[in-house]
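Chains as they are written, first to last, in my numbering: chain A, 251 to 518; chain B, 159 to 466; chain C, 4 to 348.
Bear in mind the hints are in silico, worked out from the structure with no lab data behind them.
Please note that a few of the clues may not be correct.
Examples of chain B residues toward chain C, derived with CB under 8 angstroms [as the list claims (entries may be wrong)]: (1) Phe210; (2) Val330; (3) Glu425; (4) Gly432.
Cut-off 25 angstroms, straight-line C-alpha distance, at most; resulting in silico cross-link-like pairs (SDA-like, lysine to any residue) [claimed, not checked]: (5) Lys237(C) - Gly309(A); (6) Lys487(A) - Leu317(B); (7) Lys242(C) - Ser141(C); (8) Lys205(C) - Glu329(C).
Glycine included, C-beta positions come from ideal geometry on N, C-alpha and C.
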Amino acid sequence: MSAKTDVKNYTGFRTLTFVCLFILYAPLVVVTIYSFNASPSITVWEGFSLRWYGDVFTGPESGKFKAAAINSFSIALIAATLATIIATSAATAIVRGGIFKTRTLSLGLISLPLMVPEIVLAVATLIFFNAVGFTRGYMTILVAHIAFCIPFAYLPIQARMQGIEDTYEQAAMDLYATKAQAFRRVLLPLMMPGIISGFLLAFIVSLDDFIITNFVKGAGVETLPTAIFGSVKQGLKPNIMAISTMLLALSIVMVTLSYFVSKTDNTK
Amino acid sequence: MAGGAATGGSAAADTYKSARHWLLLPSWLVLVLVVLAPVCMMLIYSFLTKEFRGGVIWEPTLAAYDQFFFDRGLFGDDPPKIEWTYITIFWRSIWQAGLATILSLIIGFPTAYFIATRPERTRALWVFLVTIPYWVNLLIRTVSMKFLLRDQGPMNDFLISTGLIDDPLRIVNTNLAVQLGLFYSYLPFMVLPIYASVERYNFAMSEAAADLYATKWTTLRRIVLPAVKPGVIAGCILVFVPSLGAFLAPDLLGGAKNFMIGSLIEEQFKGNAGNWPFGAAAAMVLLTMVLILLMIFARQQRRAEASP
Amino acid sequence: MKPIKRMTQTAMALALMASGAAAEGDLVIYHWFEYIPQDLLDKFTAETGINVTMDTYDSNESMLAALKAGGMGTYDVAVPGDYMVKIMAGEGLLDTISDGELANKGNIAPAWADPSFDPGRKHSIPYQWGSTSFSVDSDVYSGDINTTDILFNPPAELAGKINMLDAQGEVLATAALHLGIPQCSTDREQLKALNELLQASKDNWVSFNSDTAKEVLVSGDAAAGMIWDGFSAKAREEKASITYAFPTQGYVVWMDNVVLLNDAPNRDSAIKFMDFLLEPENIAAVSNFARYADGLTGTAEFLDPALATLPEANPHDGAGPGVFVEACDEATQAVYDQIWTNLKK
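Let's have the full structure, built from the sequences with the hints guiding it.
What follows is the structure, given as structure tokens:
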């Protein structure tokens, strides 16, 4: 038994892991600490205070951030939902549709947003919308988000679906179920963890997006990242630190949630 | 990438054969209209004439690519020499992205290996510890890094107070800051694929090597590494490609002086320059580079799968 | 299926709410950053019931770029500088204001009522005016700062710690002043000299940034930097050692104007907003916040008394001439664009 653990442990790896985690968390932790700074100056520590959290919700810039947050979350919700639906139907065709001529092509098309660098996508979309006269605004952001969320939703769904034997559906159809029924009552429930993973992934990706959104957004429409960028360009202010801490907390919650979702699946 | 695995799946799975074209229709519709068509439009734009102060005139010309590769002097009428500036910017971006990838590898590989060799109960916890920062907005992470590193920021304050240095380390607005920013942005992308590969690795092989008196490091080099190569390569690509086209790190941390490709392209459309065909041309060059890289990777992948 | 259905319903509701909120027949303005106080916009909303949405930019050139990139038809008003008004008029981006549409037009001070960039004020109203020069942290360097050598040939204490504005017009104009050559020059030798000057000076500059022009000086990331006079006054409030310079070679002066854009989605609201800004009390609020000067009569009683004696607004005797940025013709502009590109890359 001791020989087994020996081959797994390499000196220095543990240290490097902690270095890695330290690097990942240091900036965020520092910002979190300073978000509680009572002083408006970001270089001088003056004591503990929750004023900036209050400022985010009631201060002079609160209206702007509130509108941006509503935009961000609504776009993320719609885009993730639609992307998940589209990705699910595409995955069904690719994984369960047999071998057909356009299969690799379809797969390539779905992976396209992942292969093209984000800045290229952003510029291309801007040019295209401009050329066809699609006025930039909320809808342009939404349409762009749906498109690049599809591959993110697709990956977990395909992975999950491949792991499910099609014998269940065959059995259902032997029992005179229609294809639609087999899909809805057999495949879909089995795929649910993959679909949920896909949805969460697409949701976060949409919420997080900056470059594409910054290029295709229209007058007066901001999402949370673009609003933060606009504010941060003039210097990091304490209320931004408060927002950052809140988003960090949100991400911890979401990740913990998805952890428990995947746990319940494993125990099945 | 995902393609290899998919075609290797159950060959007989054709349950929804009849409906498959309808099922694929929505994704085709959205992706062709919102991704493929725009990229084609961008290709077209790179061959159009620039309109004075922004926009395009629909007249075909090679001016944009010419500007990219050739220097015709300040007044446009010198004999063409090679324009090194943009090539330099691209080279600098490749170099920055490469360095960031190597750094991520040096720190990410041991981390991934370490996590994968933890007992199963705690493994998931480690994975989440690594992924939680990723879920925080990239913008915020970049800004936090800037806050930490600035001349009068916490890091310098700490180093000065402990007497390790006398003057603050000027990191922000240098290449180093951009490096750190890129590395910080995409580190989890390196860790996770390697972790996935190592997790599937059969440690019995390492044990066998140990029985044959191989040192641990030899085992690592000659047995473990080749076995987890797909994960390592995936991680490298997932860090390299986004770093190449990155915009936030060079913009916020580099002081708008350390121009990388992303900043160059952005400047054409949102900044002062207003040269759309040129921006489109630069974007096409970037896209071509990335696609070539991915094709090489795909070919490697196919070769790796073919050989037992 | 149920959770998906419920999510879709919520999503639709949110979408309706969000898109509805954006298009309530309000006013969409495109404005410089950190310039107009939010209180003033709130006052406008309170008086007229019109909601105001504002996007910001950090240079005349990027404003033009954004408008030309599909921004027309989505904004009602913008705030370009003097030379940019002329450019925009030439490009057909500005709507005409008929006589009598602006009730408060009479409030415009005679000096600003008929400028060369917009004769008769057909497309614009004066907003704020000021100068663009640079500031130095006197704690770092205590010598004479009233020369453009600070930017282009800096003393050792400042080398490598200078921030420049990310604004082509103003940077090139300042460089031209330093060399003593005219703006929009077509003399090849002069243009080459300009290019070489900028290339040589670049090593001494740490960044090109307009948004953080104030912050870098206050935080110490830069010891000197190009900056607008009002912005520098605000910097001095946070750090008393920041001193504004009036170089003997001359400096840039500008007037910002509020223009009515073509295809404005809410033209009536835009006119009301422009009338609102032509009231002395309201424009004084902008001056008090941004620390610039206004272009109307009758504002004295509303202005912060400190503004009259601001060192940033009162050039000393040895100061050089204040010059406006000039917009060049297409051929000449191409060369200047090339010089700027050479600088940024």
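Status of the hints after comparison with the structure:
no., hint, in the structure
1, Phe210, "5 angstroms, holds"
2, Val330, "7 angstroms, holds"
3, Glu425, "7 angstroms, holds"
4, Gly432, "5 angstroms, holds"
5, Lys237(C) - Gly309(A), "20 angstroms, holds"
6, Lys487(A) - Leu317(B), "23 angstroms, holds"
7, Lys242(C) - Ser141(C), "10 angstroms, holds"
8, Lys205(C) - Glu329(C), "23 angstroms, holds"
The structure fails none of the hints (numbered hints given earlier).
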